[in-house]
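Given chain V's structure and the hints, the job is docking chain W onto it.
Number of protein chains: 2
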Amino acid sequence: MSLSLEQRCVHTIRTLSMDAVQKANSGHPGMPMGMADVAYVLWTEFLNHNPSNPSWFNRDRFILSAGHGSMLLYSLLHLTGYELSLDELKNFRQWNSLTPGHPEVGLTPGVETTTGPLGQGFANGVGMALAEAHLAARYNTQDFQPVNHYTYAIVSDGDLMEGISQEAASMAGHLQLGKLIYFYDDNKITIDGSTDLAFTENVQKRFEAYGWHCIPIDGHDREAIRNATREAQITADKPSLILCRSHIGYGSPNKQDSASSHGSPLGDEEIAATKKGYGLDPAKTFHIDDDVLDHYRKAKEAGDHTEQEWNSTFTEYKTAYPQLASELEDRISRKLPESWDDILPVFETDAKGMATRKASGKVLDEITKHIPAMLGGSADLSGSNLTKAQSASILQPGAYSGTYIHYGVREHAMGAAMNGMALHGGVIPFGGTFLVFSDYCRPAIRLAALSHVPSIFVFTHDSIGLGEDGPTHQPVEHLAALRAMVNVMVLRPADANETAWAWRAAIENKKGPTCLVLTRHNLPTIDRSKYASAEGTLKGAYVLNPDEKKPEAVIMATGSEVEIAIEAQELLKKEGIPTRVVSMPSFELFEKQDASYKQQVLPDSITNRVAVEAAVPFGWEHYTGSRERVVGMRSFGASAPYETLYKEFGITAEAVAQKVKAGR
Amino acid sequence: MSLSLEQRCVHTIRTLSMDAVQKANSGHPGMPMGMADVAYVLWTEFLNHNPSNPSWFNRDRFILSAGHGSMLLYSLLHLTGYELSLDELKNFRQWNSLTPGHPEVGLTPGVETTTGPLGQGFANGVGMALAEAHLAARYNTQDFQPVNHYTYAIVSDGDLMEGISQEAASMAGHLQLGKLIYFYDDNKITIDGSTDLAFTENVQKRFEAYGWHCIPIDGHDREAIRNATREAQITADKPSLILCRSHIGYGSPNKQDSASSHGSPLGDEEIAATKKGYGLDPAKTFHIDDDVLDHYRKAKEAGDHTEQEWNSTFTEYKTAYPQLASELEDRISRKLPESWDDILPVFETDAKGMATRKASGKVLDEITKHIPAMLGGSADLSGSNLTKAQSASILQPGAYSGTYIHYGVREHAMGAAMNGMALHGGVIPFGGTFLVFSDYCRPAIRLAALSHVPSIFVFTHDSIGLGEDGPTHQPVEHLAALRAMVNVMVLRPADANETAWAWRAAIENKKGPTCLVLTRHNLPTIDRSKYASAEGTLKGAYVLNPDEKKPEAVIMATGSEVEIAIEAQELLKKEGIPTRVVSMPSFELFEKQDASYKQQVLPDSITNRVAVEAAVPFGWEHYTGSRERVVGMRSFGASAPYETLYKEFGITAEAVAQKVKAGR
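Chains as they are written, first to last, in my numbering: chain V, 1 to 664; chain W, 1 to 664.
This is chain V alone, in the form it adopts within the complex:
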């Protein structure tokens, strides 16, 4: 009996996946084999995309949250005509290929987000759907819908077990994101074996509790997949979970429904037997029937057509609504308004000053007025993080045009949703929590860094300076831990004006996440007629007192400890010891400066270097040469008023001065 074109199309995903994993001798064949039916139906009959232009703005987003099944996605991308050759599939998981072990956005055309660490893709999709809903509310009109797409994902048992997905699912249900449609690969198998070993909850009931629309189906019944997808599409006020009972390693005579097909090649013999079982020629590898390729490649023509239609409608929209259209275009291309930075507030010298979180709030009041793409939020610490600008209204179901998101106590989902929003485009997401809780969203920060996603994290309450809440809430190692991460820009401004410049740096950083690290307590606004301009913030480190021409020591500090450094410098001056104070809000920006600037700020000739920061010294040795030259924290903090803590933990001007003298 000859196989139908449709059946061969589905099997081709399976055979490409088996073959590529086998050739690499590494990878995960079982999941692509199990979800091939779903993928086929979704990608050939529903997904609105243009393989010739993976960045067409109104495309449906598709996320493979179960990123280990990457060959499913690579197969689809090749088959539907993205710029991903069959040779790339043959080069799966090899150096310099476009087909790494797990999908990486920015590397492979058509990959929407980097997945693999479980749960992240699930939460990214929630961010994408939210960005879509927000932009639609802002820019669609009665007669035009320039923003109108679905966000799809394939999610696995592992995704659903992770806390991040549970946070994101609750958030998506609350927000009634009706255009979010997830296919759950309910294959009953995890790496360790049967899901019964650890995962026996009622998934459908749980998602219904979150406010999702659930549709359980046979994941190999393509008619059921079609019907369920249609039902999900018309369910406008709830996200949908299509629970697809599937068979991992589908068709493998000895490995179907077994963990052994999850994360290892099936082996040549088993592959041959599987192909034979499918009714295919076991001798052929990486084979695609011509009519199968033709069928999949229809996506190109259809995609071109759809995009052209969208373009011509957009032209009409532009005529009808020139201002809306132009603003949307700017947002899509992340173009900032001309001279947007002129509007950054300048803060007057003030001995009492203000907390940098407060300065940040004031800066945001201005920025958000001039950059409509700014989309803020907080993980239930709005009044503490001060991320809600004066002009912001709350984003809620029915009010998606709001520009402030109550993420709830869900730091991890917040971070990953922000990543999803930034990847979606059209919005510049920023979100707040306490610095100590950067740990709760650290995997999302890492993926932003790896994927060059410009999410902006506002981390307030940045040291023992938060006082009475105590050591559970006082970060000491978090600055080091964030600085250790590649491609994360950490900025810890010393006063209100550095905070304004830090925000500028954050918004101009389009290649990765930025962490703004801000105090709870007041800091004096530094007298810039006496000290150097806060513009030095953009260089990561700068000399505050360049008039001191013959310093015999350098005192480096960040954030709230710059005040202490200045005080120490004055103490030492009285004793006839001239010192230089370097404000160092960002290691990463400083490291990007040329050697000459670095020498200018930290000349090799000045070997007496002391740093002060209310955090562990780890990593400062790069500038001080030794851990002992840092006035910082050697332990966790404690619960007490902050002035007491600074004194008791010895983070004082006297201690700094003492270290400078000891280093003479």
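Read the hints as simulated data drawn from the structure, not as lab findings.
A portion of the hints provided could be inaccurate.
Because identical chains share one entry, a pair is satisfied inside a single copy or across any pair of copies.
Simulated crosslink set (DSBU-like; lysine-lysine; CA at most 30 angstroms straight-line) [claimed, not checked]:
id	residue 1	residue 2
1	Lys647	Lys592
2	Lys574	Lys352
3	Lys598	Lys661
4	Lys188	Lys238
5	Lys358	Lys188
6	Lys205	Lys188
7	Lys205	Lys238
8	Lys539	Lys352
Then chain W, alone, in the frame of chain V:
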């Protein structure tokens, strides 16, 4: 109308909490006021504890997962007669008090675990209940139940929103932990305002989906609280969630049911009005009626009595089951068998060698035979982490005596559950995942460190050496991030024998968490007749080739890169450049050595120092003086076979030799 004793007992919790927060001018009065009825009923009528001996082993565990409501717990501890004076309550949140902002275990008698970071206490409790179930299955007999207690907690909206609690809830439901009873403070208020802003899911339905028994009640109806607690106690095969509809800031005329009572003092005037509303004298602060105190203090006598009863039964048990009793006693006191470390395997020199994860598995095969308290697991990576010892059986409902836990893909809940188990006592928990996913459980590692909890984390796949899975799975910054954390012992052994010693160090570390960082790929088992003994592992760093008396440079390395360091040393030797190789499995252990040992290993006189580690150099500068002296990673990894990656990223013996020569 005069108030009943019971009503005054309940109000006393409220007034103490209000007064302490007001005096500290900092803290969270609303939650203690809202949950006072529940707390009163639970602590006076159900909780089986002995205030005179907070470490009585068979006590019920009580966790305030919503740790910000710490004054609730401090009030209860003082009232029921723990060693916590009224002066300590008056000293709430002050330097050196026993009443820090959030409860800290080890500091305050009667506090079972450190809480505040939301969701952690929830997951700790699951670990405690699991430890109880496990020990009961192991040591209880038909006639004796030496281990037989409940684990209670009060949990908040914030706790339930966090992903960690959702992982833990699913796990507890799967494990059918019937003696876990949680009171959900369903007060409809979070920091940002109404829970409706972000949290509109059906909590009861969600927990039922996890397999919990749910009982919704009016949280101020003490009879309902009694009945629900009884019902929960007799529900043997499901954990129970008692959903208590409560009123935050109960009785405050202007702040009840408002976020304004959550995180700030009510103010003197409002406190006076509230007390008046209760029918109490507004002029009195920190007041406790004599009969109220007497009533609460009955807990002491009752507790003494209960513990004595338990002791005498235990004596009978000891007679009847001497071996069981003696083993249990050893486990409770964390006493290790005599010369337990003699059983650590010694691995023969082997050029092919084995992965350190594999060595770890073999070590565990031995250790678990001799230390019955070892309770292992993995977050669905059993076959990768190799944490399942040969002799281990699976812990499941109905088979709680098993010694291996399938945690599912729930790294965060695993970490916090391990902390709960270690705090419960009687077990030595260890659990595995990939090093890159240490980020997923980082907040739990931090709390273990802060609370001196000896959880053992087995982190395998520790570098680009994992190969094809690619940068999403390749840690580069995680070693630095863990080393930056205070009181975490990180060990990255270089071969099989160092791995055995590393396990010994882990088990002997009773004061904090240990992270064992292990390779996926094979490493040669070093010839210890040629190089120094692996026992040097216990000192954190040791000279591998002490016979080289006049080294002109030191090459430091950890884990898989020690092989590269040795190779570089040989290359340089051929060129007539004598060098010393230092294996440095643990920065933290090395820093604990005396100055003389440190000088012996890394003499100041040798300034040509190079380090090699397949990770970011961050923090190595402490030993090398400069980041440039480290052969390591400057970027994220990539997907390819690991041999290719080491070459392409320049982590080679040649690169090390080159750096040594450049430093001459």
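Taking the hints in turn, this is what the structure says about them:
Taking identical chains as interchangeable, the C-alpha atoms of Lys647 and Lys592 lie at most 30 angstroms apart only when they sit on different chains, with a minimum of 26 angstroms there against 35 angstroms within one chain. For the homomeric pair Lys574 and Lys352, the shortest alpha-carbon distance inside one copy (24 angstroms) is at most 30 angstroms, but the shortest distance between copies (65 angstroms) is not. For the homomeric pair Lys598 and Lys661, the shortest alpha-carbon distances inside one copy (24 angstroms) and between copies (26 angstroms) are both at most 30 angstroms. Taking CA atoms no more than 30 angstroms apart as the test, Lys188 paired with Lys238 passes in both settings, with 26 angstroms inside one copy and 23 angstroms between copies.
With identical chains, the CA atoms of Lys358 and Lys188 are at most 30 angstroms apart between copies only, with a shortest distance of 28 angstroms across copies and 50 angstroms within one. Taking the shortest alpha-carbon separations for Lys205 and Lys188, both the intra-copy value of 17 angstroms and the inter-copy value of 23 angstroms come in at or below 30 angstroms. Taking identical chains as interchangeable, the C-alpha atoms of Lys205 and Lys238 lie at most 30 angstroms apart whether they share a chain (15 angstroms) or sit on different chains (17 angstroms). Taking CA atoms no more than 30 angstroms apart as the test, Lys539 paired with Lys352 passes inside one copy only; the shortest distance there is 26 angstroms, against 49 angstroms between copies.
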